[in-house]
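In case you want the letters, here they are:
Protein chains: 2
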Amino acid sequence: MSISAGVPEPSPELLKRAMQLRAAAMQLGQTDNEQRRSALMAMAMSLQASAEKIVQANGQDLENARTEGLASALMARLKLDQAKLASAIEGVKQLAELPDPLGLRQLHRALDQGLVLERLTVPLGVLGVIFEARPDAVIQIAALAIRSGNGALLKGGSEASLTNVAIMEALKEGLAKTDVSSDCLELLTTRQESLALLRLDGLVDLIIPRGSNELVRFIQDNTRIPVLGHADGICHLYVDAAADLPQALRIAIDSKTHYPAACNSIETLLVHESIAADFLPLAIPAFHQVGVRLLGDAASQALGVEEAASEDDWATEYLDLILSVKVVADMDAALDHIRRYGSRHTDAIVSNDQQVAERFLRAVDSAGVYHNCSTRFADGFRYGFGAEVGISTQTMPPRGPVGLEGLVTYRYRLRGDGHIAADYGDGSRTFTHQDLPL
Amino acid sequence: MSISAGVPEPSPELLKRAMQLRAAAMQLGQTDNEQRRSALMAMAMSLQASAEKIVQANGQDLENARTEGLASALMARLKLDQAKLASAIEGVKQLAELPDPLGLRQLHRALDQGLVLERLTVPLGVLGVIFEARPDAVIQIAALAIRSGNGALLKGGSEASLTNVAIMEALKEGLAKTDVSSDCLELLTTRQESLALLRLDGLVDLIIPRGSNELVRFIQDNTRIPVLGHADGICHLYVDAAADLPQALRIAIDSKTHYPAACNSIETLLVHESIAADFLPLAIPAFHQVGVRLLGDAASQALGVEEAASEDDWATEYLDLILSVKVVADMDAALDHIRRYGSRHTDAIVSNDQQVAERFLRAVDSAGVYHNCSTRFADGFRYGFGAEVGISTQTMPPRGPVGLEGLVTYRYRLRGDGHIAADYGDGSRTFTHQDLPL
Numbered sequence: 001m002s003i004s005a006g007v008p009e010p011s012p013e014l015l016k017r018a019m020q021l022r023a024a025a026m027q028l029g030q031t032d033n034e035q036r037r038s039a040l041m042a043m044a045m046s047l048q049a050s051a052e053k054i055v056q057a058n059g060q061d062l063e064n065a066r067t068e069g070l071a072s073a074l075m076a077r078l079k080l081d082q083a084k085l086a087s088a089i090e091g092v093k094q095l096a097e098l099p100d101p102l103g104l105r106q107l108h109r110a111l112d113q114g115l116v117l118e119r120l121t122v123p124l125g126v127l128g129v130i131f132e133a134r135p136d137a138v139i140q141i142a143a144l145a146i147r148s149g150n151g152a153l154l155k156g157g158s159e160a161s162l163t164n165v166a167i168m169e170a171l172k173e174g175l176a177k178t179d180v181s182s183d184c185l186e187l188l189t190t191r192q193e194s195l196a197l198l199r200l201d202g203l204v205d206l207i208i209p210r211g212s213n214e215l216v217r218f219i220q221d222n223t224r225i226p227v228l229g230h231a232d233g234i235c236h237l238y239v240d241a242a243a244d245l246p247q248a249l250r251i252a253i254d255s256k257t258h259y260p261a262a263c264n265s266i267e268t269l270l271v272h273e274s275i276a277a278d279f280l281p282l283a284i285p286a287f288h289q290v291g292v293r294l295l296g297d298a299a300s301q302a303l304g305v306e307e308a309a310s311e312d313d314w315a316t317e318y319l320d321l322i323l324s325v326k327v328v329a330d331m332d333a334a335l336d337h338i339r340r341y342g343s344r345h346t347d348a349i350v351s352n353d354q355q356v357a358e359r360f361l362r363a364v365d366s367a368g369v370y371h372n373c374s375t376r377f378a379d380g381f382r383y384g385f386g387a388e389v390g391i392s393t394q395t396m397p398p399r400g401p402v403g404l405e406g407l408v409t410y411r412y413r414l415r416g417d418g419h420i421a422a423d424y425g426d427g428s429r430t431f432t433h434q435d436l437p438l
Numbered sequence: 001m002s003i004s005a006g007v008p009e010p011s012p013e014l015l016k017r018a019m020q021l022r023a024a025a026m027q028l029g030q031t032d033n034e035q036r037r038s039a040l041m042a043m044a045m046s047l048q049a050s051a052e053k054i055v056q057a058n059g060q061d062l063e064n065a066r067t068e069g070l071a072s073a074l075m076a077r078l079k080l081d082q083a084k085l086a087s088a089i090e091g092v093k094q095l096a097e098l099p100d101p102l103g104l105r106q107l108h109r110a111l112d113q114g115l116v117l118e119r120l121t122v123p124l125g126v127l128g129v130i131f132e133a134r135p136d137a138v139i140q141i142a143a144l145a146i147r148s149g150n151g152a153l154l155k156g157g158s159e160a161s162l163t164n165v166a167i168m169e170a171l172k173e174g175l176a177k178t179d180v181s182s183d184c185l186e187l188l189t190t191r192q193e194s195l196a197l198l199r200l201d202g203l204v205d206l207i208i209p210r211g212s213n214e215l216v217r218f219i220q221d222n223t224r225i226p227v228l229g230h231a232d233g234i235c236h237l238y239v240d241a242a243a244d245l246p247q248a249l250r251i252a253i254d255s256k257t258h259y260p261a262a263c264n265s266i267e268t269l270l271v272h273e274s275i276a277a278d279f280l281p282l283a284i285p286a287f288h289q290v291g292v293r294l295l296g297d298a299a300s301q302a303l304g305v306e307e308a309a310s311e312d313d314w315a316t317e318y319l320d321l322i323l324s325v326k327v328v329a330d331m332d333a334a335l336d337h338i339r340r341y342g343s344r345h346t347d348a349i350v351s352n353d354q355q356v357a358e359r360f361l362r363a364v365d366s367a368g369v370y371h372n373c374s375t376r377f378a379d380g381f382r383y384g385f386g387a388e389v390g391i392s393t394q395t396m397p398p399r400g401p402v403g404l405e406g407l408v409t410y411r412y413r414l415r416g417d418g419h420i421a422a423d424y425g426d427g428s429r430t431f432t433h434q435d436l437p438l
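Chains B and E are the protein sequences, given in the same order. Residue 311 in my numbering sits at position 311 of the first sequence, and the numbers go up by one each step. Residue 416 in my numbering sits at position 416 of the second sequence, and the numbers go up by one each step.
Careful, some of the hints might be misleading.
Note that the list lumps identical chains together, so a pair holds whenever it fits in one copy or between two copies.
Unchecked claim - With a straight-line Cα cutoff of 25 Å, these simulated SDA-like cross-link-like pairs (lysine to any residue) come out:
{"no.": "1", "residue 1": "16", "residue 2": "332"}
{"no.": "2", "residue 1": "84", "residue 2": "112"}
{"no.": "3", "residue 1": "177", "residue 2": "396"}
{"no.": "4", "residue 1": "177", "residue 2": "362"}
{"no.": "5", "residue 1": "16", "residue 2": "191"}
No lab work stands behind these hints: they were computed from the structure.
Make a model of the complete structure from these sequences and hints.
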C-alpha cells in the first residue's frame with residue numbers, strides 16, 4: 001500500500017458492508033465457546049479442501065509480482081506453498097483449542113441485597129486489519145477474530161490479492177456450514193477502501209496493522225480508532241559493571257542475531273565504562289564473527305569499534321545485523337539513554353548485582369524489562385499465550401505481547417429487583433459491597 | 001475554555017515543564033504505598049492549613065465572575081466554601097486509605113527453569129487533566145494522580161484561576177514535606193498551554209477531560225493521546241411486555257429525575273407496544289407530577305404524550321427534565337434503537353421474563369447493561385470502587401465507571417540466568433509455562 005495520500009470518506013457501499021459486518025459480529029458475540037470452536041475447525045477443513053486452489057492463486061500472484069520486479073525479500077513473504085499453508089491451517093486448529101477468552105467473570109459483587117454486579121469479558125466487536133504481503137496472515141487474523149467473537153474487515157497487500165481472495169472464499173465457505181455467519185469476515189480489495197477503513201469509527205473497534213513501521217505510523221496518525229501494535233521497536237541491552245561477561249556476551253549475541261528483523265531484537269548495546277575495556281575486546285570479534293556490523297560512540301571506538309555511530313543511529317531500528325554501541329558512565333546514564341531513545345518495547349540488563357538489577361527493573365518504563373536474559377523472549381508464544389495478536393508499545397493496556405485477551409473488553413451487568421438510586425440517597429437503603437465468588 | 005481555534009505546538013517553556021514533570025513522575029512511580037499514602041495525608045493537611053486563603057481566592061474569582069455575568073449554574077459550580085473544601089479534603093484522606101493499585105501481580109509464570117515472568121501493575125506516567133469551572137476537581141484529580149503514582153498536568157477553567165493557584169500552592173507545599181516531589185503536580189494557566197497539552201504525546205500518557213460534551217469531543221478529535229471519558233451519555237430504559245408496571249415506573253422516574261444532569265440518567269424511554277396502552281396512561285401523569293416534559297413518537301402521542309419528538313431527539317442528551325418516549329414493536333426494535341442512537345454508556349430493561357432479560361443483557365453492547373434497576377447505579381462509588389476517575393464509553397478497557405485501576409497499566413518483568421532464545425529454537429531447551437502463585 002502506498003501511504004501518502006489523504007484519507008477519503010468511506011463510500012456508501014463500504015459503509016453498507018461495514019454495517020452488515022457489524023450486525024453479523026453482534027450475533028457472533030453471542031455465540032458460545034463450542035460454536036466458535038466448531039467454526040474454527042470448519043474454517044481449517046475448508047482451507048484444507050481448497051489448498052490446491054489457494055496455492056494456484058498464489059502462484060499467479062508470484063508470477064505477477066515477478067513481472068513487476070518485486071524485491072526478493074517480499075517475494076519470499078508473498079509465497080504460500082503447501083507446507084506454509086499446512087502450518088497456517090494447523091495454527092487455526094490450535095487456536096480452536098485455546099481457552100475461551102469470552103465470558104470470564106472479573107468481578108462479582110452484591111452492591112446490596114438483590115442488586116448484583118458482574119464484570120464479564122465480551123468481544124470488542126469488529127477488527128480492522130491492514131497488512132502487507134504475507135497472505136498467511138489473513139488466515140491467522142481471521143481465526144483470532146472468530147475465536148475471540150469479533151468480526152474482521154481485512155485488507156491485504158495488493159501483491160497477494162488473488163491468494164487473499166482464494167483464502168477468504170475458503171474461510172467463508174467453511175463458516176457457511178456453522179453457527180457463525182460468513183458475513184463476519186470481509187475482505188477489502190481496493191486501496192481506497194483500506195484508507196476509508198481508518199474512518200469507520202463506530203463500526204470498527206480496533207485496528208491491527210501488520211507491516212512496516214511506516215505503515216503503522218501512518219495508521220496511528222490517521223485514525224481515531226484505537227490501534228494495536230507498534231511502530232519502532234528500539235530495544236536496549238545494558239551490560240552493567242557487575243555483569244558476568246561471558247553471560248552478557250551470550251545474551252547480547254542472541255538478542256541481536258537470533259532474528260535481526262524482529263522488533264524484539266536489540267538495536268543498541270550500552271556498556272558500563274568500568275567493564276568496557278574488558279567486555280568490548282571480547283565482544284567485538286564475537287560480533288564480527290556472526291556478521292554484525294558495529295557502530296559506536298567515541299569511547300567504544302577507542303576500544304575497537306571501527307565505525308562511528310551518529311545521533312540518528314541511537315534512534316534507528318536497523319532490523320538488520322547492525323548494532324550501535326555506547327559506553328555509559330553508570331546505570332543512570334543508561335536509563336537516560338533508554339528513556340530518550342527507547343520505544344518502551346523491551347529493554348534488558350545483565351548484572352550479578354541484585355540491587356542494581358532491581359533498580360533497573362523498577363526504573364525502566366517499557367512493556368518488558370528483563371534481567372539476565374535475551375530480549376528475544378518478548379513474544380506471545382514464549383510467554384505462553386498460545387497465540388499472538390501483536391506486540392503493543394503503547395502505555396495503556398493491552399501492552400507488550402498481546403494474546404487473545406487483547407481482542408476482548410468487558411461489560412458490567414447489574415441485576416436488581418426494582419432497586420432505585422434515590423433510596424440510597426435518602427438513607428433508606430445502604431450499599432453493602434459484598435464480593436461474591438467469581 | 002473556548003474550543004474553536006487550532007491546536008498550537010507546545011512552547012519550549014511548556015516542553016521543559018512537561019519534561020521536568022515527567023522526570024518527577026518517574027521517581028513517584030518508584031515510591032511505595034506508604035510514601036504515597038503519607039503524601040496524600042500531607043496534601044490534605046496543607047489544604048486544611050490554607051483553607052482560609054483558598055476560600056478567599058475563590059471569593060475573588062466569584063466576584064470577577066459576577067462582574068463578567070457568568071451564568072448562575074456555573075457560579076454554583078465555581079463556588080468553593082469552607083464546607084465544600086472540607087468535603088474535598090475528606091475525599092483526599094479517603095483516597096489515602098484505598099488499597100494500593102500499584103505492584104499487583106497479575107501473572108506469575110515460569111517459562112522454564114530459572115526463567116520467571118511476572119506482570120505487575122505500574123503507573124501510567126503523567127495525566128493531562130482539563131476541566132471546567134469546579135475547582136474542587138483540582139483537589140480530587142491531584143489526589144487520584146498521586147495515589148496511583150502518576151504525575152499530573154492540570155488545566156482548570158479561567159473563571160477559577162485564583163482558586164486553582166491557591167489550591168495548587170497548598171498541594172505543592174504539602175508534597176514538599178514528603179518523599180513525593182512537588183514537581184509531580186503542575187498547573188497550566190493559559191489557554192494556549194491547555195491546547196498545546198493535547199500535543200504532548202510521549203510526555204503525557206492519558207488525558208482526562210472533565211466538562212461539557214463539547215469539551216470532551218474537541219479533545220478526542222484533537223489529540224493522539226488516549227482520552228478517558230465520554231462525550232454523550234444517551235441512556236435508555238426499555239419497558240418490556242413482561243414488565244411489572246409499577247416497578248417499571250419507579251425505575252423510569254428514578255433513572256430520569258434522581259439527577260437529570262448526570263450522564264447515567266436516561267434520555268429515552270422505549271415501551272413495548274403490547275403494554276404501552278397500560279403503561280403510558282400511568283406514566284405520563286407521574287412524569288408530569290415531577291416536572292418531566294415528555295416528547296413522543298406518533299404511537300406514544302396517541303396514548304397521551306403531548307409533544308412530538310423529532311429525529312434529533314433520539315440523539316439528544318437533554319441533561320434536563322425532558323424525556324423522549326417511543327413505542328416499539330418488540331425487543332428487537334428496542335435493541336435496534338439503542339444500537340443506532342445509544343452512547344454505549346448504560347442501558348436497562350424492566351421485565352419479569354428472565355429469558356427476555358438475559359437476551360437483552362447479552363445483546364446490548366454498552367459498558368453497563370441493567371435488569372430491573374435504575375441506570376443511576378452506573379457510578380464508581382456505587383460499584384464500590386471508592387473513587388471515580390470518570391465513566392468511559394469507549395470499547396477498549398477501562399470501560400464504564402473507572403476507579404484507580406483506570407490510572408494504572410502493567411509491565412512484564414522477566415528474570416533469567418543467562419537464558420537465550422536460540423536454545424529454544426534448536427530444541428536444546430523447551431518452555432515449561434508453569435504458573436506460579438500470584
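Structure-based check of each hint:
Within a single copy, residue 16 and residue 332 get their C-alpha atoms only as close as 55 Å, which misses the 25 Å cut-off; across copies the closest is 20 Å, which meets it. Neither within a single protomer nor between protomers do residue 84 and residue 112 lie at most 25 Å apart by alpha-carbon distance, with minima of 56 Å and 28 Å respectively. In this assembly of identical chains, residue 177 and residue 396 lie within 25 Å of each other by CA distance neither inside one copy nor across copies; the values are 39 Å within and 31 Å between. Only between protomers do residue 177 and residue 362 lie at most 25 Å apart by alpha-carbon distance; the minimum there is 24 Å, versus 52 Å within a single protomer.
In this homomeric assembly, residue 16 and residue 191 come within 25 Å of each other (Cα to Cα) only inside a single copy, at 18 Å, whereas the closest approach across copies is 41 Å.
Of the numbered hints stated above, those contradicted by the structure are hints 2 and 3, listed in ascending order.
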